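Enquirer: So the chains spell out like this:
2 protein chains.
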Amino acid sequence: MSLAPFFLFSPNEKQPTQGPRVKSEKLVAACLERIAARDGKLQAWVHVAAEAALAQARLLDREPPRSALHGVPVGIKDVFDTADMPTSYNSGIYRGHQPRADAAAVALLRKAGCVIAGKTATAEFAFNHPPATRNPRNPAHTPGGSSSGSAAAVADGMVPLALGTQTGGSVIRPAAFCGVIGLKPSFGAINRTGVKPVSDSLDTAGLFAQTLEDAARALHLLSGLAMPQPGAPVSAPRIAFARTSRWDEADRASHAMLESVAGKLASAGAVVAEVSLPPALEALFEEQRHIMKYEAARALAWEYANYRDLLSSGILARLEVGWALPRERYDLAQGIARDARLQFRDLMRSFDLVLTLAAPGEAPKGLASTGDSIFNGLWTLLGVPCVTLPCGQGPAGLPLGVQLVGTFGADAALLARAQWVAPRLPSA
Amino acid sequence: MSLAPFFLFSPNEKQPTQGPRVKSEKLVAACLERIAARDGKLQAWVHVAAEAALAQARLLDREPPRSALHGVPVGIKDVFDTADMPTSYNSGIYRGHQPRADAAAVALLRKAGCVIAGKTATAEFAFNHPPATRNPRNPAHTPGGSSSGSAAAVADGMVPLALGTQTGGSVIRPAAFCGVIGLKPSFGAINRTGVKPVSDSLDTAGLFAQTLEDAARALHLLSGLAMPQPGAPVSAPRIAFARTSRWDEADRASHAMLESVAGKLASAGAVVAEVSLPPALEALFEEQRHIMKYEAARALAWEYANYRDLLSSGILARLEVGWALPRERYDLAQGIARDARLQFRDLMRSFDLVLTLAAPGEAPKGLASTGDSIFNGLWTLLGVPCVTLPCGQGPAGLPLGVQLVGTFGADAALLARAQWVAPRLPSA
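Residue numbers (my numbering), protein chains in the order written: chain A, 48 to 475; chain B, 48 to 475.
Bear in mind the hints are in silico, worked out from the structure with no lab data behind them. Any given hint could be a false lead.
Where chains are identical, the list cannot tell them apart; a pair therefore holds if satisfied intra-copy or between any two copies.
Okay, derived cross-link-like pairs now, SDA-like style, lysine to any residue, Cα gap no bigger than 25 Å in a straight line [what the hints assert, rightly or not]:
1) K88 x Q390
2) K88 x R365
3) K70 x A300
4) K158 x E367
5) K311 x E321
6) K158 x D378
What you are looking at is a predicted structure, and each value in this text was computed from that prediction instead of being measured.
Isolated chain A, as found in the complex (with noise of 0.2 Å):
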């Protein structure tokens, strides 16, 4: 589903400037329809607010469009709190918990006149034990994780938007895996007030769309950032290629597919020099997952001190990991942060992105894993701007996506070159 025929301006503006206006009920009761009629198999869904969004949806059809997103359901990832609709985290901890107020996120999206259509299923704590969601392309593959429910259901055409988040990988593997936009901003881009902490140096509010003009719209309105105009002219990007030392993880179907992509992107005009990035920055990949376990044993020290019969035993390790770790050796991984976080802005004076793999491959089979996330969590400690674009799919059939990536604060300039990159992708 794309808006674009629902929205006919630009996403920094806030009235229409031409063409009919689609009715939100329309819309909404549309998304409700998709849901009841897929929600079964898939399972994107925890909380579905039908009646309350439609609702909703009849009052914003008789006001002014507040957005260029007036009207517009949205997914909700359920670790940001509701104060309408119960929020659990994937956890027996908080069966039925029902917060006080709303996430900042979700206020700022109904402030702009979005209907929130429900809460979409989340890893446990959005860190670890996956949720029952099946991949919309092949219901025998996970649909990534930990924003499992808001990937399938932007993937499947139930709502044209939903919000993540990601402390490792979980909204740019999900996103990829399910044949979406995903767009993890810069760190801080998104206020996080109501998400549920599990790293407070890594987690990072993003979204799920469909078109990137979409994301653009959405990101305006939850970040403030000014966003490019859909189709003003963008000269062609100078592009890093970056393998990585994991390269070798990957398998050979995302191997061709990125090599196709540099090459592709090369011949439309881009500069594409193909980088090593300096150890600093290569560190990262093992500094994230120290600092990711040693703040999520400190952020849920009250639910492993009271609760531990009801967490998954693979959070359970994964707590005990972080509560072994040293501040030492967590302080030491925060400054070789700090420091990687210059290099990669000296290297982005020659470059304007960095083209990179979303993932190791497609969607593995079964549910029991969400899948990899060591093509991410570099990027994540980083708070540089990611986004994945659907590109071709792989041997099982199921999709590939590139990872952009560009500069800390940059957002707009990276979903503009974005906006250059998408057509001339070898899938286009």
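Assemble chain B onto chain A, guided by the hints.
Expert: Leaving out everything else, chain B in the frame of chain A:
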């Protein structure tokens, strides 16, 4: 109240090495008695968990010590969530609000065998409207804020330790106004999960104590940072004496106090050099205010959208400034802060600590304002550790404090230097 007779062991140890163990029940009962006698006047507490605290103390008395603070009662600023006590952030929006979980810092205290005595009064959302708390040194004066109750409770001997938070100057200023030790650790040293957010880039959990040893013990168990051994030899520090560009906003008594301290420490063997802060550092006095207001508007988006009538006029005005600030201006402030952190790191290659003012003077008269955080926001935005030590008094007979500032992450080194400084202060 000092814990010295209670704790005869070093801050990093888990077991007492010598001496009799004072019963937690006795200590908690003494604290509750003091609260009962004095809090009608001082109003430092919004909730006292008398029965639960005594019961917990009795249980702890039957256990081997879990930490150096086993059995110690602690006051918790009412912006930290508690699973067994209401948490209302001094806002009518949250009257009687009962969080589901403990904040991470509270869970860590309980894990270490501390007794949660109750919740201490805070300014509205740790951000604006002062509570009714009075200064124990003179009840006609403010105790400072926003951690008003924690500062007053420790100063009055109601508890030996209390948690606070600092976004502008909410730990250092009230500690100085009440004549106790205030410690704002490095940004991120203490996990913030379950602390009501105001400003994601600034909010820092900190603490109040009557002795540096107790502050070190508490920071150790909350952060995992190794602490200096009490009594270990510390060489005379190299001190950057920073009046800063805001010197003229402090009163004469504060000027005389700080100049006298600089002289005394130089006489005692410290290298004391007067420094002018580079422009990028000076700029943070203003930039901190932009960042705080921009982020507070987003952090309180739900409250602003739904309960404007229950927000104080003061907080409303500040949130509206935050909403009006363009994202570009906010991003500029963050960029200046990143540069300033590098410049401060360079400056600190030549110094062990910065000696500067904690506040512009004594606690102002009346309760309408908690005083000015002018001398605090710069350091909060830098993210560096700060400690205030009581030092003499002003013309109204109320305490003054010096502020010592260290290098990011080197909280233990700062506390070790503070242990060198404290006995050499003019009032000692």
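Enquirer: Next step is simple, just say for each hint if it's right about the structure.
Expert: Verification of the hints:
1. K88 x Q390: Cα proximity of K88 and Q390: none, with 46 Å in one copy and 56 Å across.
2. K88 x R365: neither (31 Å within a copy, 48 Å between copies)
3. K70 x A300: neither (42 Å within a copy, 67 Å between copies)
4. K158 x E367: between (41 Å within a copy, 15 Å between copies)
5. K311 x E321: within (14 Å within a copy, 60 Å between copies)
6. K158 x D378: between (39 Å within a copy, 22 Å between copies)
Against the hints set out earlier in the document, violations occur for numbers 1, 2, 3.
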